[in-house]
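Whenever a hint applies, use it, and build me the whole structure from the sequences.
Residue numbers (our numbering), protein chains in the order written: chain A, -6 to 201; chain B, 420 to 651.
Simulated from the structure, these hints should not be mistaken for laboratory data. These figures come from a predicted structure and were not determined experimentally. Just so you know, not all the hints are guaranteed correct.
Okay, derived cross-link-like pairs now, BS3-like style, lysine-lysine, Cα gap no bigger than 30 angstroms in a straight line [stated by the list, open to error]: (1) A:191 with B:426; (2) A:106 with B:538; (3) B:455 with A:77.
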Amino acid sequence: MQVVQSSLSNKITGHIISSMHSPIENTDICLWLNAVATSRDKSAFTQLFHFFAPKILNISKSKLSNKTLANEVVQETMSNVWKKAHLFDESKGAPTTWIYTIMRNVTFDILRKLQSNKEDNLSDDIWPMVEMAEVDDEPFSDHLEQKQILSVIDKLPQNQQEVIKGFYFMEMSQEQLAQHLDLPVGTVKSRLRLALIKLRGLLGVNND
Amino acid sequence: MINHHPKIELLIQYVNGELPASISAGIKIHADLCPKCNNQIIELTKHAAETSFAQEDTLVGIGSEVLSLKGDEPEYNFDAQSMINNITDMPAETELKVDDTPVSITLRGVEYELPNVMKHMSLGKPAQIGKLSRSRILLDEGHIHSSLLRIEAGGSIPEHTHNGYEITLLLEGSFKDDMGEYVAGDFIVLDGKHQHQPMSELGCLCYTVVSDSLHFTQGINKLLNPIGSFIY
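Below, the structure is given as C-alpha cells:
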C-alpha cells in the first residue's frame, strides 16, 4: 500500500506544476515592504495599501458581517504592516503569508473582544510574529509537493477532500477513515477512487 | 513519542483563526512539541495566504463597496487617503518586545513551568479533590471551560464519558487509559463516543478544554458528580 501511495503522489507532483494558478507578485510586495522598512516610504506603503486593503476588507466583511469592524481590521492590519515592516524577513517566508498572519491575528483579537469581552490580545501568543520559519527536520516530507497538491485538492467535492486529506496527509488507513468519518469502508474506498480519478483529470495525468 | 495529533480540519480552522482561544492555545502547545504538525501549519498558512490574496479579478462585484481594481485606485467604503495618512504618521515599532520570563504554577508544592502561549492568561485559585488539583484558566468562553489539571502519582479519574468534547494536552508526565499510554505533547480529543478512565502512575499535568460536564458511567461513581463539575 505504502509503495502505491508514494508512486501515486509522485505522479501527482510530476504534473502539478503546470496547473498552478498565476502566482502573486511577491517581488513587488517585498520591494514595497523593504522601502517602508528602510526609508518609511509613503508611496510604497500606498501601493501596499491598495493591493491588500480591498482584499482584507472583503475577507473581514464575510468573517465579521459588520462594516465598522471590517474597516477596523483593515486599519489595524495596515497599521501593523507600517509599524513592523522592518520585522519582515524574506528568508523566512512569503510577504503574503506575513501580512495574512497579521490580518488573522487582528481579526482573532477583535472577535474575542466581541465574544468574550476580553482585551487580552492573545493572538500574538498563539501565533507569534517572530517565529515563522520552518523547521527542517523531516527529510521525507516534501512541503512544496504538499502545498501544490493542496491547491488542487481544494477543487474536489467536500466529501472527497476529506478522504484524500485523511489518506494522504494524515496517513490514516481506509479502516481508520471509515471509523473516523462514521462511514462504511466501502464508501470510503469508492470516494477515494472517485477522488483519484478526478484528481488525475485536474492534474492532467494520462493513463499510464 | 507523540502519537496523538489534531486532525487536519482542526489545523485548517486554527490557521484561519476560527477556533476559540482555548483550543487554539492547545494546538499551539502541541505544535511547539511536534515538528510535523508545526510544518503542516506553516504550509497551511502559506496556502491560506495565497488563497486569500490571490491576484484574481473575482473581486469585482463581490462586495458592494469594493469595486476592485478597475481603475488605478480601488474604491472603499471609507476615506482611504486619510486612513493612509493616519497610518503613515505613526512611528515604527523599533523594539521587539519578546518577554522570555517563564510563567509557572505551583500545585500541591510542585512547581510547573507553563507553555509560553499561557503567558497572558490568568489562572484561578487552585482547588483540590483527592489526588486531583485544578486551576481554571480564565478565558471567559461561555460553556467552554479550560483548566490546568494535575493528577498526583497513583491518581485517576473515574470512568466517564462526555456530552460535548474534551481536549487534553499532556504538558508533563504521562497517563494511560484503556486506549493506551500518553506522553507530553499528545493532543487527545474525546467525545460522547468514548469512555475512559485515565490514571497516572507517576503523576502528570494536563491542559484541558471541556465543552460540557462529564458523565460518570459506573454505578458508584455516579455519586462523583462533584468531580464531574470539578473537572469541567
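Subject >> Hint consistency between residue 191 of chain A and residue 426 of chain B [alpha-carbon to alpha-carbon, up to 30 angstroms] >> reply: holds, 24 angstroms
Original post:
Is the Cα-Cα distance between residue 455 of chain B and residue 77 of chain A 30 angstroms or less?
Top reply: holds, 29 angstroms
Original post:
Taken at face value, is the distance from the CA of residue 538 of chain B to the CA of residue 106 of chain A at most 30 angstroms?
Top reply: Given pair residue 106 of chain A, residue 538 of chain B holds - Cα atoms ~18 angstroms apart, limit 30 angstroms.
Going through the hint list in order, the structure satisfies each hint without exception.
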